[in-house]
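**Q** Just need the whole structure built from these sequences, with the hints factored in.
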Amino acid sequence: MTDANSSLSNLDLETPEKPFLDANELVINMGPQHPATHGVLRVILRLDGEKVLGLECVIGYLHRGVEKIGEHRTYTMFNPYVDRMDYVAAVSNGLGYCETVEKLLNVEAPPRAQHVRVILTELNRIASHQLWLGTHALDIGAITPLFYTFRDREEILKIYEKYCGARLTTHAFRIGGLQYETYAGFEKDVKNFLNFFRPKIDEYEELLTTNRIWLERTKNIGRISAADCIALGVTGPVLRASGVKWDLRKAQPYANYKNFDFDIPTGLNGDTYDRYLVRMAEMRQSVRIIEQAVDALPEGPIIAKVPKVMKPAAGEVYHSIEAPKGELGYFIVSDGSTQPYRVRVRPPSFVNLQALDVMCRGQLMADVIAVIGTLDIVLGEVDR
Amino acid sequence: MAPVATPFFFYLFAGIMLIGGIMVITRKNPVHSALALIVTLLAQASIYLMLYAPFVAGVQIILYAGGIMVLFLFVIMLVSIDRSMKDRQFNSQWIVGAIAAIALGGLFIAVYMKGMSIFPDHALSIVENDNTQNVATMLYGQYMFAFEIASLLLLVAIIGAVVMAKKRI
Amino acid sequence: MGQFIQYIESYLGSDQTPGGAGNMFWALVYIMLVFVGLSVAVIAMNWLERKILAHMQVRLGPMRVGPHGLLQPIADAIKLLLKEDIMPAEADGFIFWTAPFIVVLAAFTVFVVVPFGPTHAITDMNIGILFMLGVSSLSVLGIVMAGWASNSHYPLIGALRSSAQMVSYEVAMGLAVVSAILMTSLNPEGTGTLSMIGIVQAQLAQGEWFIFKFFPLGLIAFFIFAVAMVAETNRAPFDLAEAESELTAGFHTEYSGFRWSLFFLAEYSAMIAVSSIAVTLWLGGWLRPFPNLLSGATWDQVFSFFPGATFLFFAAMCFFNAARMPKHPLFRIQTIGLAGFGAALGLIGLALFIPVVRVRIQDIFWFAAKVACFMYLYIWYRGTFPRYRFDQLMRMGWKVLLPMGLGVLILTASVALLQQKIWHP
Amino acid sequence: MPDDIKSPSSPPPEGEPKPTADKPAAPSGVKATASGSVQADVKTPPEKDKASPATAPVPPKPAAAAPATPQATKPAAAPAKPAAPAPTPWDSPMVAKLKAGYGSGVEPLTYAGQNYMIVDRSLIPEILQVLRNEDQFDYCVDITAVHYPQREKQFDVIWVLYSFARNERIRVKTQILDGESLPSSVPIWATANWLEREVYDMFGIKFDGHPDLKRILLPDGWKGYPLRKDYGILQQDNEWVQINLGIESGQ
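Chains as they are written, first to last, in my numbering: chain A, 112 to 495; chain B, 26 to 194; chain C, 76 to 500; chain D, 3 to 253.
Quick caveat, the hints were computed from the structure, so don't treat them as lab data.
No experiment lies behind these values; they were computed from the predicted model shown.
From the three backbone atoms N, C-alpha and C, an ideal C-beta is built for every residue, glycine too.
Where hints are given, some of them may not hold.
Quick partial rundown of chain D residues pointing at chain A, CB under 8 angstroms, derived from the structure [unchecked claim]: (1) V143; (2) D144; (3) K155.
**A** Written as structure tokens, this is what we have:
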């Protein structure tokens, strides 16, 4: 414990360093309207020249009171709202919410629903990582990967569109199972996508992985140690890139992830490059999972028997899933009525964003952009 | 190339130089001063050209206008302009300044009055076409030693700057 | 009047540049030609960059304004000219207004000495290359002024980055240039030249482009220059001054409309200018490929057909694409437009086969073709590379390119001396 | 304690009984090891997928209606209407130790397979510290609150904690009065910083010793705490909206 705290003791905003030659500290405001802050994030940077002395995130520009809305909607009605938080990984949000309510209701989705849920969430993980890769590379100045990833993400969105009619905020799952039976040719589409997508990861990597400029821009940038990660509650690829082999899909399997064989890629240095490699590897692992899930897709009902009017017994449940960005948790308190008494969302982006200050200290201003990109935040989720 | 309208251009550039020089010392904003200085330097380069010294003119533009003055501006911009704007522009040593100015003016007048006898009249030789080559021959031949001393001085200056700027080497 | 006509005619048949011959009329004509040609080139570059970049990035690029977006640059220009000219309230008015003009002035003045052919230059100065470097280094002033006068943080940081970057890379660039100039002195008289035309003529006399001279010394010097010139022009991967993800748009963040378009114009003409320097110094300027290997009147004849053939090729491409256009009434205008454009190109191509034109135009053609290769490289870099960070950029300039440049310079000098003293005493 | 964390390869002490039961690095594993800092190796999912492994044997006491393990692969069509499941006592060595130390101030319970303890307000700083230091709950997942206006102690404050070493998640819950403050847990978990700010922002619960307790999602000058039950869903700080946005109403 002392160890973790000592590494944090030098994190306070006031770094007592004597300015040299009376150099004035420059305070720069980045955002909330800034192309590289991935939304309406406002960062106040304290710079010495181009070196970052400290920064403060100002958030809340996209606050919509999702948790308050949750208290005024029935369990079913609130389901679409969660899609609007992390809008690039809406399916994962839905999965987390549905599973939490299922826990409250004490029901479980049938196997077929579980399989389809896994397929769709993993597709969503790929889509989210693609969007991250494109924008992250764009922040660092490589424009081309963005168009490659968007081209390929389109194929995933097409599958969503065919499945549920929506592309982004899908509302694909129902409490207790699925909203729709899969359409005819769903398996074929998914398999086609996998075959199409596998070489594409190589294509992205060809552009970046060994690119000298990319290496210089990402290696040793925004390093964060495993201890700091844990102290700051950072989860997801960022935590794994720091060397902690922890993935909720393995540690506390939900849905039916325990039936699938996949690896948890981890990094060693916890720098931006490792996070890049971890996410690239995660895409490959997602492909593996989807492949197994499609091959073993069972027949059967797609929704468990759930009451028309959901009135879970009074009680409270915290359930979390491994969203593309980290641990996405829902804490729902039921008072026995049709509406949740309290819905708390534990957003991964929100907690991860806290680490920005630690990761940026002593880096250059240009690296702040790279680090914001590598944290992979979605402001809709940060602010809710 | 035959010179065209030489007096006109001479007075034009000389005028620009003078106005620029006055602006340098009268502007309150140091950035404006620096820019005026650049104008002066550019006009000076033009005068060099008219003196059939294109190499010097080119070097003047590259080094002074394009290099040194940019660094000047660089430094000035990092300094708080607001503070320097509030400072008094002229310090109290104007008596010394006036004396120096009068002395310099007297010198100019003296030179102008008996200029012909001080500077012997050379035959005008236009060396425009191999000007650069001549400069090179002089620098690396006759004045080799002086040239090398100058470069040594610069080296010392560079090392001094590094020592001063670096907290720890 | 007759005297005036005589004055005009007196230049024809001269083997000097208009400036060299002291003929003001033709000098003015050449200035006009260069100005117009440059503007057209910038407009073409605008379209080409968008198109090529788009195709690299699996997009189509502009497709709506004119066939394949051919009229897009014109639409853009009109849009920019009609835009409101905004000046920040706290800006330093005079400097803010003059900055873009200085940048444009610097970028265009450089072309006074660019030799498009043995006589196709506005003038030839004996300090030609020095003049080019000097004047192009003045553009940094405009950038600094623009950044400072905007009175805003992002432009200021952009301007500081840009000026530091340009001043640093000028050093490496200068060293590379000097090693090429050294090569010009390898003639029996032992006197080199700084004149742009003289440099190309030296390559002609020595029978090889300087890029191949003292292999690999020439190549390394060229490489240093090629890197430094990208940094000089603030283009990807060295486009830190206008890194949109960090500094929004760098020093011209606060500019809009016409003034912004001046910066745009200056950026592209600066790109063309530095490419011209590279072409002149290392790639034989206006000389056609293989002047030493495939020499002789027959080969001259063959190579002189290239300009016309190129235009005909482009014309054929236009016709091909016009034929591929959807057969739909809505596309009729576009098809006709594209075919018309092809026809125009074809006519130009045919005109270039006329012997008189052919002989006169081929120098310009080869020069332009070489510059065009560089322009393509610029676009290619932009499509491929991420952006360097500022300290990395500086490190590369000072710790890699500068020592390399010094080394190449010393080696070139030594080899040249050895060659003169030992092999050909 | 962070020593366990720093070495990624050292497996957590429990929850991983058989480390290598499956094939190593499949071909579709990590390929991008050009500079080789990412390695993918294979980890077996724990054989028993209980939410609370070995340490917390769930007592299947009452009525067996509440299935203890959430991931139990039962037929899905299980009747979804168990007769109002109630929290059951939670028993484990850790809990026994805490109970021994703090007596009736700690009330460990299990609901829906999830363990939590209701802790007396006065014990909060100590218990959290003990959980962090001795029981290896090194990861503070979430801090949140629930408002019960009809109760005397109006607020439930909940800490969700997770231990990497034990692969166990628990919740610590306490009840406080309106206006009562809590000690900040930022010294214990750095992540508590923003989480506590959010609780303050939404509920108005103050945390003593927090380095920078101010609103996080809402604007600084906002009045009212939106997640309190007496704050209507359409309610807003009209004054703030008028001053700062220059409009009559934000809705």
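**Q** Now look at each hint and say whether the structure bears it out.
**A** Evaluation of the provided hints:
no.: 1; hint: V143; in the structure: 6 angstroms, holds
no.: 2; hint: D144; in the structure: 4 angstroms, holds
no.: 3; hint: K155; in the structure: 16 angstroms, violated
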